[in-house]
Amino acid sequence: MIDERLQDCRYALKGRKVLITGAGGGIGYEAAKAFLCMDAAVIIADISREKGSQAVQSLGALYPNSRMEFYEIDLADELQIRRMHSYLIQKYGFIDVVMHNAAVIYIGNVEEISSADWDKSYRVNFRAPLLLTQLFLPQMRSRNAGTIVFVPSSGAAPYMGAYEVFKTAQVELCNTLSGELEGTDVFTYSIGPGLVKTDTAMHGIEMVAQKMGLTTKEFYAMNGSHMLSAREAGCGFAVSVLHAEKYNGQEIGSIQALMDCGLLSVTDSGNSDKAGKAQTDPAMIHKIIQIYKEQYNGWMERNIFERQWVLRDFKKTVGISAGQFQSDMLQQEKELTAESENGFTVYRDHFEKLKRYYQRQYKLLQGYEKNPDKRKEHSDIILSWIRMLDEIL
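Residue numbering for the sequence shown follows the working numbering, starting at -5 and increasing by one per position.
A couple of the hints might just be wrong.
Quick list of in silico lysine-lysine cross-link-like pairs, DSS-like style, CA-CA up to 25 Å [said to hold, decoys possible]:
| hint | residue 1 | residue 2 |
| --- | --- | --- |
| 1 | LYS347 | LYS370 |
| 2 | LYS8 | LYS240 |
| 3 | LYS114 | LYS85 |
| 4 | LYS357 | LYS370 |
| 5 | LYS287 | LYS347 |
| 6 | LYS328 | LYS368 |
Everything labelled a hint here was simulated from the structure, so no lab data went into it. What you are looking at is a predicted structure, and each value in this text was computed from that prediction instead of being measured.
Input sequences plus hints: build the corresponding full structure.
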């Protein structure tokens, strides 16, 4: 179904030149496939000559008239990165999109992982995206055009520290870069795939599940509602570029990009397996959604420092980015308008998390607002939102 819907974007990236690292297999391969479907020229950078060559061969069979090549590279080697940059600029003139997809994963307790593995993770998971950004950004600035996409992980997952620490650092690099590029047409954002069953992920999950005392089946059962296929996640990566300006400075997920492009509906994403339809007031839900939309728009109009603080705090409290939450709320509105049988229960968990967020804001307000009149005024407003959420929950 994704492939059928993607045809609506068939020539959306015609003439664009895309460099995607780690695209010999998994999500990167699927992203490259989607980029080719949208008629972009694609450079697949991967450490594996076998996987990269096979990727070009199979994708070439699907898109025989496409412009594509494989570049073999070890991203842990700075000299190789610089050589690749020189080669690509000489051959293509410039690169429109740089997608930092490549990663290495080390699993184990913090004290168990060797310093050599920590160093390798740093070089591939953080230094390589930094170097590539430093190399390609000046030309993007001079052309006032370009997109840099980071692929981070923003969780402090047990036993994955040697991976998570440096992938999380990509988010802060992206935030910093976004602030420095404000007012230009060079855009940067972070996109996460969610939980995806790729060969690399499966190996890591088996080890993490074992550390947690779970079977792999039990681990996936706990996280089933968040699962995407590699094809869905990769398509999300690729089509996100179509909304680069909208996502600029944000941390989003593949699901959000797919929904924004009409490639995935809420029923496709697996959420429809939740509890049966709730009997609640649609008008009240619409009102709550409208309140959040107004808040979100207000956050996005703040200066870069205030905006990043608010967005980070929201994600830390709610568990997903404010942009993803906004996208989900818009989808909830569509479901209500269409009187879908999925109804309110599809996003019930979102409203419960929003209530926790407002409760946190209420507590914070009591500490930092010193003017008693303003404190009461703002407290009453937040409490009214909490009561509205209580009513529908």
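The hints, checked one at a time:
1. LYS347 with LYS370: The hint holds at about 24 Å.
2. LYS8 with LYS240: 20 Å, holds
3. LYS114 with LYS85: 30 Å, violated
4. LYS357 with LYS370: 12 Å, holds
5. LYS287 with LYS347: 16 Å, holds
6. LYS328 with LYS368: 36 Å, violated
Violated hints, listed in ascending order, are 3 and 6; each of the other numbered hints is respected by the structure.
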